[in-house]
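Enquirer: Here is what each chain is made of, one letter per residue.
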Amino acid sequence: MTLKSNTREVDGITIVDLNGRITLGEGSELLRDTVRDLVGKGRNRILLNLGDVTYIDSSGIGELVSAYTSVQKQGGELKLLNLTKKVHDLLQITKLYTVFDIKDDEAVAVQSFAK
Amino acid sequence: MDSRAKNPVSYTLDSTLESVNMAEQKAFEIATRWGFGEDAQHHIAMAVREAAVNAVLHGNAYDPHKKFSIAYRMTPEALEITITDQGKGLDLRTIPDPLAPQNIMKASGRGIFLIRSFMDEVRIRNLDPGTEITLIKHIGREATKSKEEQK
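Note that the protein sequences, when read in sequence, are chains G and D.
Sequential numbering from 47 applies to the first sequence in my numbering.
Sequential numbering from 62 applies to the second sequence in my numbering.
Careful: at least some of the hints might be erroneous.
As the list claims (entries may be wrong) - With a cut-off of at most 30 Å between alpha-carbon atoms, the simulated DSBU-like pairs for lysine-lysine come out as follows:
id, chain 1, residue 1, chain 2, residue 2
1, D, Lys167, G, Lys119
2, G, Lys50, D, Lys87
3, G, Lys161, G, Lys87
To be verified - Per label pair, the in silico range of CB-to-CB distance:
id, chain 1, residue 1, chain 2, residue 2, range
4, G, Lys87, D, Val183, 39 to 45 Å
5, G, Gly86, D, Pro125, 33 to 39 Å
6, D, Arg184, G, Lys50, 57 to 63 Å
7, D, Ala132, G, Asp98, 31 to 37 Å
8, G, Asp83, D, Glu138, 49 to 55 Å
9, G, Gly58, D, Ala122, 41 to 47 Å
These are computed hints drawn from the structure, not numbers from a lab.
Heads up, the beta-carbon is just placed ideally off N, CA and C, and yes, glycines get one too.
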C-alpha cells in the first residue's frame, strides 16, 4: 500500500495524518515533499500522525530523521503521534525513540508544542 | 511447521524498486508458508527488503544490465536466504555504526544494522565483483523466546 497524507490544522499545529508504508521510493518521497512544503510555508510546528503507518523501512526511518532535523533548523518542532508496535520497536532498536518527542494522545500532543 | 513446499526456491530480479517490493512480498509468503510466526514473518520480510535495497541501490546501482538473485533453503534447523548482486562489492569496514552518537541523526546507514537485528545470523561475502549476503532464521527460537517471555 502506497503512502497517503492528509494535512489539517489544530490550534496552530499542523497535523499530518499518514496512511500506508514509508519505504524507499514513493513513500519516503511523499513524506519529504510534504514536510518541505509545510516548512516552506512557514508551518514548522508539525505533528506526524503515524497511527495508520503499517510499515517503515530504513529509508523511511532516514526520512523521519531528515524531517526532524530540517524542521528544527527552521526553529520549529516536529513530533510523532500514535506509533504502532512495529514502528515503536523500530525506533527503539535504532535508539531514535528517545530522540523524537513521541505522543499517544492528539490533544496532549497539540498542547505540548511551545506557545 | 508445515511440511509442504520446502524445496529450495530461487529467482533472479531486475535492479528496480519494483523488484525490491516483490522480494519483500515473496519473503513474507515463504516465511508464512514455511510456518514462521507473525513476528518472524515480518522480520524475515523486512530483512530481505533491506538486503534487496542494498543489492539494487548500493550494489547494482539501478544498472539495468545487472541482476540480483534470491535463494531460499530450508534446513531442519533454519531458513537460509541468500541474496547476491553484481555490484562492486561491499566493504564492511566502511559501514558506520548507526547507534554511535555521531551517526544517530544520519539519514542513512541503518540497513545492515536492521538486517542483523531481525535475523539470527548474517554472513556477508565479497564476491569481487558482487556481494553475497546470507540471512539465517533459526526454527523454534521464536517459540522458545515466547515461552520465556510468558514466565
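Enquirer: Run through the hints listed earlier and report the numbers of any the structure violates, in increasing order.
Expert: Hint 6 alone not satisfied by this model.
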